[in-house]
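2 protein chains.
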Amino acid sequence: MFGAIEAGGTKFVCAVGTNPDDLKLTQFPTTSPEATTASAIAFLQKQSDGELDGVGIGSFGPVDLCTASPTFGYITSTPKSGWQNYDFAGAIRTALNVPVGFDTDVNAAALGEARWGAAQSVSDFLYLTIGTGIGGGAVVNGRILHGLLHPEMGHIRIPHDFNHDPYLGYCSFHGDCLEGLASGPAMQQRWGEPPEGLPANHPAWALEAHYLALGLANWVCTLSPRLIVLGGGVMRQYWLFEMIRKDLSQLLNGYVRAKELMENLDQYVIPPGLGNRSGIIGALVLAEQAYQKQRELVSP
Amino acid sequence: MFGAIEAGGTKFVCAVGTNPDDLKLTQFPTTSPEATTASAIAFLQKQSDGELDGVGIGSFGPVDLCTASPTFGYITSTPKSGWQNYDFAGAIRTALNVPVGFDTDVNAAALGEARWGAAQSVSDFLYLTIGTGIGGGAVVNGRILHGLLHPEMGHIRIPHDFNHDPYLGYCSFHGDCLEGLASGPAMQQRWGEPPEGLPANHPAWALEAHYLALGLANWVCTLSPRLIVLGGGVMRQYWLFEMIRKDLSQLLNGYVRAKELMENLDQYVIPPGLGNRSGIIGALVLAEQAYQKQRELVSP
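Residue numbers (the working numbering), protein chains in the order written: chain A, 93 to 392; chain B, 93 to 392.
Since the hints were made in silico from the structure, they are not lab data. Don't take each hint at face value.
Which copy is meant is left open, because identical chains are indistinguishable; a pair holds if it fits in one copy or across any two.
The calculated lysine-lysine pairs, modelled on DSBU-like cross-linking and capped at a C-alpha distance of 35 Å, are [as the list claims (entries may be wrong)]:
#: 1; residue 1: Lys116; residue 2: Lys385
#: 2; residue 1: Lys116; residue 2: Lys351
#: 3; residue 1: Lys172; residue 2: Lys116
#: 4; residue 1: Lys116; residue 2: Lys103
#: 5; residue 1: Lys338; residue 2: Lys385
#: 6; residue 1: Lys138; residue 2: Lys338
#: 7; residue 1: Lys116; residue 2: Lys338
#: 8; residue 1: Lys116; residue 2: Lys138
#: 9; residue 1: Lys385; residue 2: Lys351
#: 10; residue 1: Lys351; residue 2: Lys172
#: 11; residue 1: Lys138; residue 2: Lys351
#: 12; residue 1: Lys103; residue 2: Lys338
#: 13; residue 1: Lys138; residue 2: Lys103
#: 14; residue 1: Lys385; residue 2: Lys103
#: 15; residue 1: Lys351; residue 2: Lys338
#: 16; residue 1: Lys385; residue 2: Lys172
#: 17; residue 1: Lys103; residue 2: Lys351
This structure is a prediction, so every number in the text was calculated from the model and none was measured.
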């Protein structure tokens, strides 16, 4: 039995179980690291009767994922008050005395979709969330891409026509990067309404689809994914999918000659198979991986 | 002893040998596929006395790299006259009767840099060429990224301020994608001079550095590489490196908090360790890989 934590900037989701059909779930607001972590630990202990084999954490970031680093498992330079340089994985490991798997929230979601969702047995794909922020997790040759730190896909620069859209952008680091132009808060600031308050025929959506398609076109050219899964609150406005596909097709203009992109875009840019539970279920996969890694270390 | 072919749109480089210090090299212009391939085959046979253990090809593209595909090893939809749907790997395999490794020119160059160049023992890095076109090869978790087809990194979209640079772009598919704005032919068309004819104090270089830095910033956010190697004819104007580093640092604005990006950019964005021979030496690595794969298949 495994424990899972999806740590977001506004809420924590916690789960205990073995697979998507056998999960006890709870959620509560993110407050201080000490109080929030204590709530998570209490839930995991109670629901498992102390019988956990491992815990997985998919966390908001930036986080330190370098296993050789003295601050591995920390949340590092987040703007979120109180959480800077917090030893998140260490706190869970110390309290529960089990192997702890740790990764970004979007990498966890990608793992969840790979194991039980829309990307099962897909060796190379991209999971994106478009919500309070924009983030991406990539699977390449069957493994999560980490590299130097972890991707920060929402912060790519895309064309921005100020004549058509004079909004300066929401990102405090980059202004009009993709997240700055197309995240939920950017939509709210530009239009005076949150995404869920804007009807399907509002001009907001053509602009939103265009910005997201520009991001997707760049990732198609860079990562050559076999599949793109789009999750997050903004994507719950389901009409966006078809608008994005149409725009992406125009942007690529037939250059990348794969049937998936030329004919079958409706099976190439798709919603998550696990709905809004990709992240917490991916954290369960992280727990399982940490457990298996520990077993390999102790057995000959 | 291995054979290697670096197949470019304007010239072929061929080599026979075992490593960068033991290589017989030649080059000749690219004409028809039949004539050019025949010249390559003749050189490889003569220099090896027919004793080759394998041949590697790093080719211009697009190419079909899907080993399960009936057109694996073909050059596919290239605009280059006569080369469409050409069974390149098949022609070499039939003539020489040896295992043939086949990949894009930039993936080969990345392999060369990984094995004997500037990226030795670097698990995650990016090799880019900026010349007649712009292309990239990425190594992720120690393996070349292929995905659905192969990356087409030069074709990402970046911000383009038409007031500052009214040039419409050179790419016949996308107009002002990165390749359309910053390849050698784009520079030549914009300024009326090829890159090598533009002095270091010409305004062309600040614009060129800015476009390339925008590309690099997007790839840092997407691939999180540990190292970026910049090759190709345009980069022989060595002053570009420092201009790109400065611009990249401003674009990232301290968001990606790694020492490599915050302090050591002069060791992060670097020229190839193998000069202009990354591609042909990488093709030698492809030959070696094809030979080893064949051995694994025939031995128990």
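Checked hints:
1. Lys116 <-> Lys385: Close inside one copy (24 Å), not across copies (47 Å); limit 35 Å.
2. Lys116 <-> Lys351: neither (41 Å within a copy, 41 Å between copies)
3. Lys172 <-> Lys116: within (28 Å within a copy, 59 Å between copies)
4. Lys116 <-> Lys103: Within one copy, since 17 Å is at most 35 Å while 63 Å is not.
5. Lys338 <-> Lys385: neither (43 Å within a copy, 41 Å between copies)
6. Lys138 <-> Lys338: neither (49 Å within a copy, 53 Å between copies)
7. Lys116 <-> Lys338: neither (39 Å within a copy, 51 Å between copies)
8. Lys116 <-> Lys138: within (11 Å within a copy, 70 Å between copies)
9. Lys385 <-> Lys351: Close across copies (29 Å), not inside one copy (38 Å); limit 35 Å.
10. Lys351 <-> Lys172: between (43 Å within a copy, 22 Å between copies)
11. Lys138 <-> Lys351: neither (50 Å within a copy, 42 Å between copies)
12. Lys103 <-> Lys338: within (34 Å within a copy, 38 Å between copies)
13. Lys138 <-> Lys103: This pair counts as within: shortest intra-copy Cα distance 20 Å, inter-copy 69 Å.
14. Lys385 <-> Lys103: within (29 Å within a copy, 49 Å between copies)
15. Lys351 <-> Lys338: within (15 Å within a copy, 40 Å between copies)
16. Lys385 <-> Lys172: within (32 Å within a copy, 50 Å between copies)
17. Lys103 <-> Lys351: between (40 Å within a copy, 31 Å between copies)
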